[in-house]
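Colleague: This is what each chain is made of:
Number of protein chains: 2
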Amino acid sequence: MHVKEIDAFWRAANYLSVGQIYLLDNPLLKEPLRPEHVKPRLLGHWGTTPGLNFCFAHLNRVIVERGQDMIYIAGPGHGGPAAVAHAWLEGTYSEIYPDVAMNAEGMRRLFRQFSFPGGIPSHVAPETPGSIHEGGELGYALAHAYGAAFDNPDLVVACVVGDGEAETGPLAASWHSNKFIDPRRDGIVLPILHLNGYKIAGPTVLARIPEVELIKLFEGYGYRPHIVSGDDPAVMHETMIRTLDLVFEQIAEIKSGLAGARPPMIVLRTPKGWTGPREVDGKPVEGTWRSHQVPLSQVRDDAVHLAMLEDWMRSYRPDELFDAEGRPTVTVTEAAPRGTRRMSANPHANGGELLRPLTLPDFRAYAVQVKSPATESSEPTRVLGGFLRDVIAANPENFRLMGPDETASNRLSAVFEVTDRAWDAEILKTDEHLAPDGRVMEVLSEHLCQGWLEGYLLTGRHGLFNCYEAFIHIVDAMFNQHAKWLESAKNIPWRRPIASLNYLLSSHVWRQDHNGFSHQDPGFLDVVMNKKSSIVRVYLPPDANTLLSTADHCLRSRDYVNVVVAGKQPVLDLFSMREAIAHCARGAGILTWASTDGGEDPDVVLACAGDVPTLETLAAAAILREHLPDLRVRVVNVVDLMRLQPASEHPHGMSDAEFDTLFTSDKPIIFNFHGYPWLIHRLTYRRNGHGNIHVRGYKEEGTTTTPFDMAMLNDIDRFHLVMDVIDRVPHLMSRAAHLRQEMADERLRARIYTREHGDDPAFIRDWVWPY
Amino acid sequence: MHVKEIDAFWRAANYLSVGQIYLLDNPLLKEPLRPEHVKPRLLGHWGTTPGLNFCFAHLNRVIVERGQDMIYIAGPGHGGPAAVAHAWLEGTYSEIYPDVAMNAEGMRRLFRQFSFPGGIPSHVAPETPGSIHEGGELGYALAHAYGAAFDNPDLVVACVVGDGEAETGPLAASWHSNKFIDPRRDGIVLPILHLNGYKIAGPTVLARIPEVELIKLFEGYGYRPHIVSGDDPAVMHETMIRTLDLVFEQIAEIKSGLAGARPPMIVLRTPKGWTGPREVDGKPVEGTWRSHQVPLSQVRDDAVHLAMLEDWMRSYRPDELFDAEGRPTVTVTEAAPRGTRRMSANPHANGGELLRPLTLPDFRAYAVQVKSPATESSEPTRVLGGFLRDVIAANPENFRLMGPDETASNRLSAVFEVTDRAWDAEILKTDEHLAPDGRVMEVLSEHLCQGWLEGYLLTGRHGLFNCYEAFIHIVDAMFNQHAKWLESAKNIPWRRPIASLNYLLSSHVWRQDHNGFSHQDPGFLDVVMNKKSSIVRVYLPPDANTLLSTADHCLRSRDYVNVVVAGKQPVLDLFSMREAIAHCARGAGILTWASTDGGEDPDVVLACAGDVPTLETLAAAAILREHLPDLRVRVVNVVDLMRLQPASEHPHGMSDAEFDTLFTSDKPIIFNFHGYPWLIHRLTYRRNGHGNIHVRGYKEEGTTTTPFDMAMLNDIDRFHLVMDVIDRVPHLMSRAAHLRQEMADERLRARIYTREHGDDPAFIRDWVWPY
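Those protein sequences? They're chains A and B, same order as listed.
Using our numbering, the first residue of the first sequence is number 1, and each one after it goes up by one.
Using our numbering, the first residue of the second sequence is number 1, and each one after it goes up by one.
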């Protein structure tokens with residue numbers, strides 16, 4: 001494949017890109033362009049597209065010449081026409097979507113469907129073959145690329161980074177991912193920074209700093225930068241060929257184990273909207289921000305614009321590129337890769353095809369022994385750590401544990417018995433558990449953890465992201481984008497199911513002992529619940545055994561986002577393993593041993609979700625049992641939050657009959673919740689008994705204080721729950737006024753004691769152990 | 001101030017820091033340390049603290065010698081003991097909190113209160129004098145620093161960046177802020193990258209790359225890096241003095257206008273937990289991650305640890321630092337800055353003290369003329385642009401407009417009639433509206449926009465952040481942290497009110513014509529509503545005049561986060577300016593001209609919030625008026641979302657009586673909402689009529705399609721609303737079955753037409769203009 005073929009492929013891709021943005025009909029320009037051939041509304045992004053096409057065409061040469069396994073990530077994914085054009089030229093598109101055949105009619109459909117009602121999105125999207133990266137929100141291309149490269153030693157992930165995207169925080173941090181990659185065991189990421197100079201409306205930072213600074217920046221990031229700069233296609237083809245040959249020699253050096261070799265990256269500097277209209281209505285367009293979307297806008301109404309569009313399209317010499325039937329000519333396709341070497345058909349970009357189920361040890365083997373409920377305690381995440389250790393050991397190339405430097409803090413340290421933190425920078429004698437091939441990815445960037453994991457999952461592997469609960473909000477927007485990917489991919493038959501994105505949120509709102517108010521936010525659950533019920537799952541296991549059962553379930557699931565909130569501090573063991581499995585399977589159930597309703601109609605329901613709220617609920621039930629032994633109290637614990645929704649809203653939802661049986665439809669329900677209280681109302685507002693539900697939860701009160709003080713500050717403590725019961729059970733006040741006063745006094749005493757004695761360990765023990 | 005004084009201040013601050021983490025009593029070590037002097041639970045972070053103290057002590061010398069106006073941002077703000085120690089040593093702490101006097105008893109209280117119930121947070125927090133930066137979530141220190149420096153030409157903002165924080169995305173992007181600062185008109189940011197080598201449990205990236213790469217990295221970022229590295233205090237003091245002298249000479253050069261001079265930054269490499277215990281229980285601690293929190297843990301129970309703690313504290317030679325009464329000695333304080341030159345008392349760090357109200361033009365002058373409602377249309381944000389243009393012109397050093405390259409896209413371009421985009425990098429001839437002193441800050445990083453604006457507001461200025469609605473989720477976590485700052489600051493009497501943080505969210509979910517599904521997410525409102533009602537406000541003005549009135553209101557407010565969602569596409573003008581003001585003041589009201597209930601009991605209420613849902617609601621009302629003229633329909637528009645909440649939950653909340661008067665307590669309410677539908681349920685679940693509220697909103701259906709197709713995909717379209725009315729008004733079905741079928745047919749026709757004709761402009765006009 002030489003310049004001639006590369007250039008032909010490039011021109012063909014450019015032609016198809018312009019056609020997608022503009023044309024409804026007359027795809028091959030067999031007749032002069034008329035207004036009715038043009039879409040009534042022009043939606044799409046031209047500016048980045050010729051650069052994406054240029055890189056793709058040149059990388060194809062490398063694939064063919066070296067037999068290289070390669071995938072392509074288009075950071076400027078709003079250049080959707082480019083990726084679609086590549087897939088069509090390579091034949092993949094027609095294989096997947098037979099309606100869009102490789103002929104004139106297929107080309108007409110290809111053009112028409114783009115950014116058109118009932119058609120395809122304007123961005124690189126799940127619908128686009130060869131992509132693992134939706135080009136909507138910017139910032140994550142390079143993190144996705146590294147995620148894809150992990151544990152794929154023979155793969156090269158070419159990643160075009162737009163200079164707009166390069167201004168984002170997540171992207172700026174992603175360059176340092178090269179310190180977390182093992183040249184022996186992982187693939188290579190080849191970043192191509194595409195400096196086309198402009199964002200939507202202004203210049204970009206990296207395009208406007210002196211080149212000497214630009215080079216230093218990337219050397220500082222630990223790369224060997226290569227500059228490819230210009231606007232004359234003939235010269236640029238030669239330069240790019242030379243550069244890629246050098247780059248792949250350097251890659252070969254690294255793969256051969258050359259110590260200290262820095263990975264190459266390319267800076268590609270071309271005009272924005274390259275090969276498009278130079279000037280429109282007297283204003284420069286090519287090489288400026290004006291070519292970001294549609295360089296010619298009034299094409300239907302303006303004969304001059306229409307003529308310019310036709311000239312522009314004919315400038316690619318379509319007659320050389322497509323035969324009379326609209327098929328790409330031999331020049332365009334002969335030298336291109338075949339089969340799964342085509343980047344549009346590489347199975348890594350449809351990771352479900354490569355997915356191997358995890359080899360999971362029997363989680364029951366890690367159970368804590370529970371002779372009777374609520375007598376001993378465990379640290380749930382520490383128990384889980386043992387299970388994860390063996391998951392890692394059993395799946396050495398198929399599972400990674402991500403976290404922003406919190407694996408030990410979240411008490412998952414058992415994993416370090418079998419593996420290390422991935423680290424490919426300097427290691428000192430005093431260091432512990434650092435190695436290039438470590439399975440634990442720790443970087444103080446939630447963005448990188450999330451982006452790496454997404455890239456890893458989308459290419460068919462498995463993982464878990466452990467994070468402080470409050471700071472998972474840092475990736476709210478990334479979660480949204482991944483959730484949208486899953487929502488869309490579910491409806492695309494050729495996208496095979498991938499492993500779920502599993503979050504373990506620990507160091508949660510109720511136990512921020514070292515950190516206080518800034519670390520208290522359980523609101524990620526609210527963000528998660530906005531996405532489609534077909535993909536989101538939320539679990540709040542209250543003890544170690546329910547956490548084990550939940551984790552096993554999540555690691556086996558596909559195409560979901562599973563959010564598991566679990567504490568790292570000691571909590572009471574409530575369920576034997578057998579009971580835990582049953583409880584998790586039900587998702588919500590009565591704790592009979594803590595209830596006094598004898599299985600019959602209760603006077604009041606104490607519901608709870610989350611470990612600390614459950615502890616306080618159990619303590620409140622104990623107080624009630626002691627002081628009001630004839631009050632029929634039912635304690636209900638909810639593990640699977642989605643069970644609360646109506647069955648019509650979520651596949652896990654209970655029927656109204658089930659809900660009423662569990663919670664009653666007419667009795668007061670005091671619901672002690674881990675998160676912001678209104679989430680429970682949102683989930684239950686259609687239930688018969690909703691008017692009787694009173695929810696306690698985090699109401700944004702907190703500081704650095706004791707755990708029990710935190711509970712009291714937010715009224716989720718046992719004493720307040722007892723007061724709530726007395727206030728809400730009809731006629732109870734008359735005979736329990738004294739108890740109510742006693743509870744109020746206890747709260748006051750506890751607050752004063754706390755303020756005087758800090759958290760005296762004896763005091764802590766006293767309130768943790770109600771049984 | 002020479003080495004002796006600097007060292008004394010440093011030792012005193014270190015002593016006070018250790019005391020805060022460990023001691024309940026015996027603050028001056030006048031007697032041997034006993035277990036009961038030590039806190040029962042040790043919470044805090046030692047590791048970063050001596051470095052923070054070192055920088056502070058050295059910067060004080062510069063302040064005194066040069067009369068420099070300077071503030072200090074502690075990126076590793078979990079080193080709270082440091083900032084508190086500085087403020088106490090400088091006298092500020094006792095001035096603000098007289099209980100914590102500058103004597104032995106005051107020192108005892110200082111120690112006891114730290115990280116103690118009823119005391120102060122363990123981080124640098126709003127409670128800490130001299131800070132504008134809560135040290136909770138990492139990543140924002142440098143963006144805050146730049147925000148503080150804007151329009152403060154004489155100020156130096158010293159910003160310590162931890163090497164953990166440096167791994168985050170927002171921080172990595174923040175280094176490039178130097179391209180957005182005007183050396184003439186803005187102050188100088190002096191970044192001090194503190195490489196102490198470790199995060200919580202592992203090494204940091206920047207501490208483990210070769211020094212040559214480190215230097216290139218910062219030269220690439222456009223700085224002049226200076227390395228200060230070592231662990232011998234005597235040598236380090238000399239090096240730091242020499243370096244700071246050089247650095248401030250370079251700063252003087254820049255301020256004197258030397259073209260192309262790059263700003264200096266310092267790399268400070270010291271051991272983590274410097275001057276703390278070298279080794280504990282046979283393991284190295286100083287200089288390792290083990291000193292991150294408390295280097296000695298079992299101090300109450302372990303006599304060896306207790307003795308080590310006493311040795312450690314005595315190593316600072318407290319007798320030289322504090323007199324018999326516990327006051328700092330002359331050596332410590334004599335040479336330190338005085339008055340408002342003290343960094344702990346600099347008014348820039350309590351911005352409300354410097355706040356000047358905006359000079360606001362009369363927003364009524366920008367009104368669009370509305371002769372009768374819903375006959376003409378305007379682009380609301382374009383109208384707002386005229387107002388903002390004049391706000392900028394009238395407040396040349398007191399207001400900035402932030403946005404990720406979307407100011408023009410969001411149709412606020414009128415601002416460029418009076419100002420430019422801030423840009424201090426290369427400018428080409430073809431560029432438009434770039435200048436070093438531009439008031440519009442555009443960078444493709446929502447994190448930077450938010451961080452800069454926070455820093456600007458916290459130092460007493462005003463601003464507005466305009467952003468695509470979906471991508472504001474990128475700063476969810478930053479919003480959370482700023483909201484928590486405001487929540488805390490409200491309760492701190494000496495913190496003066498600051499200008500509100502104003503968001504303008506445009507290019508919203510319903511009009512993502514160019515971009516589709518990835519750009520559709522109205523869920524920021526759900527995140528916002530989780531914060532305390534005392535600080536959050538959400539507005540959905542449905543037309544241009546209500547947007548003007550809302551914007552004026554928000555720009556005058558203090559200590560809030562105001563979220564305004566407004567469209568940039570043409571929408572019907574509904575309110576004259578006078579009506580708009582009244583409607584916004586009420587926050588929600590009946591559109592009598594669109595209603596057919598004659599001011600009496602309606603049969604059904606059509607409620608709406610947001611521009612597109614309002615348009616569809618009005619169209620539905622028109623259809624009903626035509627086809628069912630005797631049906632009494634009331635149309636209610638909600639501008640101020642908080643009005644829906646009970647008065648007990650939010651200060652804007654309506655009483656139940658008001659709510660019932662507006663919405664009825666017994667009639668069907670079809671609520672057409674801009675965002676995810678359950679938010680309306682969450683706000684109204686306690687209302688009498690809640691059981692009758694049926695909410696339509698965005699339910700995560702979308703792609704690149706026409707605006708009306710988007711409405712149909714999510715069932716918020718006029719036809720579906722009419723169907724909802726027929727389904728819900730008792731007995732209506734019997735006589736309106738035909739209309740219902742007609743509506744269903746219309747939907748089908750519209751969908752087919754859309755798919756065939758894309759968005760034919762005539763079709764668009766047809767559905768946009770129901771009147």
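I should point out that these hints are in silico values taken from the structure, not numbers from a laboratory.
Certain hints may be false.
Copies of one chain are not kept apart here, so a pair can be met inside one copy or by any two copies together.
[Stated by the list, open to error] Under the rule of at most 27 Å between Cα atoms (straight-line distance), these lysine-lysine pairs were calculated in the DSS-like manner:
#1 K429 - K371
#2 K699 - K490
#3 K532 - K490
#4 K283 - K30
#5 K4 - K283
#6 K30 - K371
#7 K667 - K429
#8 K667 - K699
#9 K4 - K532
#10 K283 - K429
#11 K532 - K30
#12 K429 - K699
Colleague: State for each hint whether it applies.
Modeller: Hints, verified against the model:
In this assembly of identical chains, the alpha carbons of K429 and K371 never lie at most 27 Å apart, being 45 Å within a copy and 80 Å across copies at closest. Within a single copy, K699 and K490 get their C-alpha atoms only as close as 36 Å, which misses the 27 Å cut-off; across copies the closest is 16 Å, which meets it. When the C-alpha separation of K532 and K490 is checked against a cutoff of 27 Å, the pair qualifies only within one copy, where the shortest distance is 11 Å, while the shortest distance between copies is 38 Å. Taking the shortest Cα distances, K283 and K30 never come within 27 Å of each other, neither inside one copy (30 Å) nor across copies (80 Å).
Taking the shortest Cα distances, K4 and K283 never come within 27 Å of each other, neither inside one copy (32 Å) nor across copies (65 Å). With identical chains, the CA atoms of K30 and K371 are never at most 27 Å apart, being 82 Å at best within one copy and 52 Å at best between copies. For the homomeric pair K667 and K429, neither the shortest alpha-carbon distance inside one copy (64 Å) nor that between copies (74 Å) is at most 27 Å. For a Cα distance limit of 27 Å, the shortest separation of K667 from K699 inside one copy, 25 Å, qualifies, whereas the shortest one across copies, 32 Å, does not.
For the identical chains of this complex, K4 and K532 are neighbours neither inside a copy (48 Å) nor across copies (64 Å), given an alpha-carbon limit of 27 Å. When the C-alpha separation of K283 and K429 is checked against a cutoff of 27 Å, the pair qualifies only between copies, where the shortest distance is 12 Å, while the shortest distance within a copy is 62 Å. Taking the shortest Cα distances, K532 and K30 never come within 27 Å of each other, neither inside one copy (45 Å) nor across copies (64 Å). With identical chains, the CA atoms of K429 and K699 are never at most 27 Å apart, being 46 Å at best within one copy and 55 Å at best between copies.
In the structure shown, a violation is registered for the earlier hints numbered 1, 4, 5, 6, 7, 9, 11 and 12, in ascending order.
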